[in-house]
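The listed protein sequences correspond, in order, to chains A and B. Take 688 as the starting number for the first sequence in my numbering and just add one per residue. Take 688 as the starting number for the second sequence in my numbering and just add one per residue.
If you are wondering where the hints come from, they were derived from the structure by calculation, not from laboratory data. We put the beta carbon where it would ideally sit given N, CA and C, even for glycine. The reader is advised that the hints may include incorrect statements.
Among the chain A residues that face chain B by a calculated CB cut under 10 Å, a handful are [unchecked claim]:
| # | residue |
| --- | --- |
| 1 | Ser748 |
| 2 | Pro750 |
| 3 | Pro770 |
| 4 | Ala794 |
| 5 | Leu905 |
| 6 | Tyr908 |
| 7 | Ala947 |
Number of protein chains: 2
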Amino acid sequence: MRAVNFCAGPCTLPLPALQEAQAEFVDFKDSGMSLIEMSHRSPEYEAVHTDAIDRLRRLLSVPDEFEVLLLQGGASLQFAMVPLNLLEGETPAGYVVSGSWGKKALADATHHGGAYAAWDGASHSFTRMPASDEIDVWPGSRYLHVTSNETIHGVRMVEWPDTDVPLVGDMSSDYMSRPIPWERFDVVYGGAQKNLGPAGLTVVFVRRATLEGTRRDLAAYLRWDIHADKNSLYNTPPVFAIYMMGKVLAWVESEGGLPAMENAARARADRIFRVIDESDGYYRSPVDPASRSLMNVVFRLPDEDSEARFLTEAEQRGFLNLKGHRSVGGIRASMYNAMPMSGVEALASFMDSFR
Amino acid sequence: MRAVNFCAGPCTLPLPALQEAQAEFVDFKDSGMSLIEMSHRSPEYEAVHTDAIDRLRRLLSVPDEFEVLLLQGGASLQFAMVPLNLLEGETPAGYVVSGSWGKKALADATHHGGAYAAWDGASHSFTRMPASDEIDVWPGSRYLHVTSNETIHGVRMVEWPDTDVPLVGDMSSDYMSRPIPWERFDVVYGGAQKNLGPAGLTVVFVRRATLEGTRRDLAAYLRWDIHADKNSLYNTPPVFAIYMMGKVLAWVESEGGLPAMENAARARADRIFRVIDESDGYYRSPVDPASRSLMNVVFRLPDEDSEARFLTEAEQRGFLNLKGHRSVGGIRASMYNAMPMSGVEALASFMDSFR
């Protein structure tokens, strides 16, 4: 029986994508070998590679002015590559510290350029995103870095900051669940292991004009311009993860594309927040209603004992990975694109009956 | 029918490993989900992670003084991380430029420290490895970087350089086919996509004492010490590639471990070199006999027309990916651990009959 998996990532993937990959795993298209045994320069793999990039471009309406890079190392390596590529000397760059991920991005960037906190939500315990007029962008800043969705704190940047400097966005946890306003961004990046596919792949979009000004005095793997010139085949790419992403994106297209994903995300989150809001305070969301995540619904029960019982009973019913991140506690239901509404309805019913 | 795949990497993998992975791909151990949908903090994945590391330690007799890191970005990212972690200011480090890979390692390192060529085989067209007394290690060098096997030029470092400074070794293409003299090394690294598993995983061994002196003023992903402290779970690891490596290593153990792999590698290479050496000059190896690779047997025919016909006829018989790298031309038979002797015998017979 298929589990109902609320894991924050890696996370539930579309069953048809998994089944197709299984069927052709040992013998890929009658080639007599697995895709993972093939040269990354082979026509078979190049077709997979191109297909994955084309689907990303179509689904996210990526303009021609942007390059698509398929890299490794997760968002964490981009925490280094963003400042390494974009900052020279002491050129400053602002960071919106909206939760654990924004905090890590800033801490990493300080080692490679003049990064500063343009807003810090720590004093609000990371329960909301800032309004534009709260963000302090220093003159001469190269970019403002934002985290579109904080998986641990369950807060979402609903409106993008209104600022003169280009945005750089970590969209790891809500990629492919909302449109991207490309005109505002120089760079968008994220790990694949939520809405795009398995772990081990990072998708980076960089504006072509931006690449003209990136640093060249870096080892080749750290340079976005080299990956762009080589169509992400500078070195051996993470073949299997790219292949799986292609399968996941084919499923997204078959389901109706980005608008369908966005509607489904809203429906899932609304359903659980309705239970919370109508529970007479039994379930409490610490998050400001205006910043509620559609991917990671974080909530508390009246006390930790109840939370422990909730988790135990939920697991007995096959609802897995509902425990909040160890740094904040409580409950977290992560509901990415492949989470079916039936799983959400079942959780909602359980929450009602548990109360 | 199973192809006979002489690809230089990604490359042929053990069939039992592929079949096992296929069987449990959609539903991992009756969990109701695929391994690639699971949290990297789950007990199921942690068992996979630990198993893979334990097998590496056992098979390569890794001493306790070394940490095992499972990273991403290939050897290419280590071309950056080696100097970033080990070099401060203008501290020099020597590089043995023994082929395309050694050359790239040096070029990348020059951006992140005082790297220099301690020997350069370009004047010999990279047809041999240096003797120890040809290598010029500058006083005060932090390390001497070596490439144990050059996949493109088909040359192998049979004897490790005799020098006072610690060695750092890129062993991407002959990992798990020869013992590693740990006492000589501070760091050994390599991409997994030859003898260890699929692309998307890099295995790095670092001496614990070395980690005490590595740089801390880097973004977290670039720091070996953080990956070591977190047992390679600082961020989401490449789950599937690590899992597949575990399966491949289980097969290596079932076949007799490292000694069996080394013997098989020698038998495969000897068989093809015998055809070459006994062909009255029809087949010619450009490589100095003392530096012949056991993994990548590079050879030429009397002229390029014959080479083209050879490749066409070979492919018709199911011998795939025998074309030499585009930068050097000719023929290259890459024979990694999972290449069965029967495939090698078949190629040898074809070579005899083609002549």
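Against the structure, the hints come out as follows:
1. Checking Ser748 of chain A against chain B by beta carbon gives a least distance of about 27 Å; that is not within 10 Å, so the hint is violated.
2. Of the supplied interface hints, the one on Pro750 of chain A is violated, with its beta-carbon coming no nearer than about 28 Å to a beta-carbon of chain B, more than 10 Å.
3. For Pro770 of chain A, the interface hint holds, the least distance from its beta-carbon to any beta-carbon of chain B being 8 Å, beneath 10 Å.
4. Taking 10 Å as the C-beta contact cut-off toward chain B, the hint placing Ala794 of chain A at the interface holds, the least distance being around 8 Å.
5. For Leu905 of chain A, the suggested interface contact is upheld, since its CB lies about 6 Å from the closest CB of chain B, less than 10 Å.
6. About 4 Å separates the beta-carbon of Tyr908 of chain A from the nearest beta-carbon of chain B, less than 10 Å, and the hint is met.
7. Checking Ala947 of chain A against chain B: minimum C-beta separation of about 21 Å lies over 10 Å; hint violated.
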